[in-house]
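Those protein sequences? They're chains A and B, same order as listed. Counting in the numbering used here, the first sequence runs from 29 upward without gaps. Counting in the numbering used here, the second sequence runs from 2 upward without gaps.
Honestly, the hints are just simulated from the structure, not real lab data. Some hints could be false.
[Claimed, not checked] Covered stretches of chain A, going by a simulated chain B footprint (3 or more residues, C-beta under 8 Å):
1. 95 to 108
2. 149 to 161
3. 234 to 240
The beta-carbon is built from N, C-alpha and C at its ideal position, and this holds for glycine as well.
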Amino acid sequence: MEFLLEQLANFKFYLIGAYPRGAAGGLFLNISIAVLCLTISFFIGAIFGFGRLSCRKFVSYPCIIYIETIRATPALLLVFWFFFFIPSVLGKNVSLFWSAVIALSIYSTAYQAEIVRAGILAIPKGQMEAALSSGMSRFQALTLVIIPQAFRIMIPSFVSFFISLFKETSVTYVIGIVELLQIGIIVTQRQPNRMFAAYICMAIGFFVVCYSMSHLARVLEKRLGIHDLSSYRPTVCRADLLLKPCEAKNLPTQNPT
Amino acid sequence: MITGVKITILIAVVTSVLSLLFGTVIAVMRNSRIKPLRFIGKLYVEIFRNIPGLFWLLFFYFVFPEILPFDLGKKLNAYPYYPIVASIIGLTLDNTSYVSDILRSGLLAVPKGQREAAISTGLSRVQQYQYVMLPQTFRKILPPLGTRMIHNFKNTSLCMAITTPELMWATQQIESITFRGLEATTIATLFYILISLSLGAIIILLEKYYKIDIASITKMEA
């Protein structure tokens, strides 16, 4: 028990590393990498998500290939790949922090794109049709009607994705970033007899952040109160008002009698 | 590198099967009437879901032998295959929590009438789960379960951190001998993409095979 208290008294090292005297590290670095990746990949992910929904094949196929390829590779591998790839292309070394941020942004872009796509698909077609029939252009309909509704649906999944991204940041220790896991390993190397206590401290650090975030996700889900959008289903009367005009050919004829 | 692929697949398969078993147990525990059992299940899931898998791998490799009583820890450290065993334990525990969460949501999605019908036909509690609840649950949760299994396969790359001789570790060995990091990592990436995409295809086939044709059932009833 004393070991544990001693390590807990050392909490500053776990939280911000050797910051005033050296580079920042620890849990602060984990959170900053995760937040940076989330913001960068949100915008790129939105582009890929819309791209995948596009009915033009030269737009949607590259997006599908990108998303499926990245989703099939482990984050660890991407972190390594960019660690080797960036110096060989640019000819100079990028700092470890930015190499990790780029790799994890690329990784999370694919997942964000899927979240955006799922959010937009959850909006019933009638919304788009109503917007178009009230005289909006396709762009207006998308930005003023579809996205505000879809965003509401997406927020809880963004929070839960942030949790898994936060956990993925722990893999960046393999390229030598001094984040929480690396801090714990440094402590165990300096004081091998405090190993158990150091690991408990690491676990507490991860647990507190993730648990509070998942609690936030649950609260948000309740407060946003997703509406039952699927209850309203008008029938399609004009083919050119469809969400995807290229599907108009497959539409069944209106009056089979 | 090929031995690396073999060990990666071995770890992935063993952890998937084990975590499916334990996950079922924990999901049933979380669904039970007895409060302590429910509490234990919830505690387990919360702890293992909120701490990264890499942490558990390091924990079981470095710390677990230290806290064992007597000389068990030293024996474990001397055991040549201990990295593989530790990675299997760590990944299984990590994956079990996710699988049990998916299974629990599947169990909750089974309509109440099914259970009531099972009780009224005189099945015992074990039989209820065995013949009525679990088969329906597994059909329902196949897509998220498949995604989780692919994720688990990808997580085996983390075992590199504890010197398990799997694909990623082999890549690092090649890199340190030949200094051709980019080429080795690219080939490893191709291997991972190939295996995960084929896993995904298998899961889609399974889904089609086990899908209940609701339209035909309603026709039969009519």
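Evaluation of the provided hints:
1. 95 to 108: holds (count 10)
2. 149 to 161: Not satisfied, violated; 0 residues make the cut.
3. 234 to 240: holds (count 4)
Of the numbered hints given earlier, the model fails hint 2 alone.
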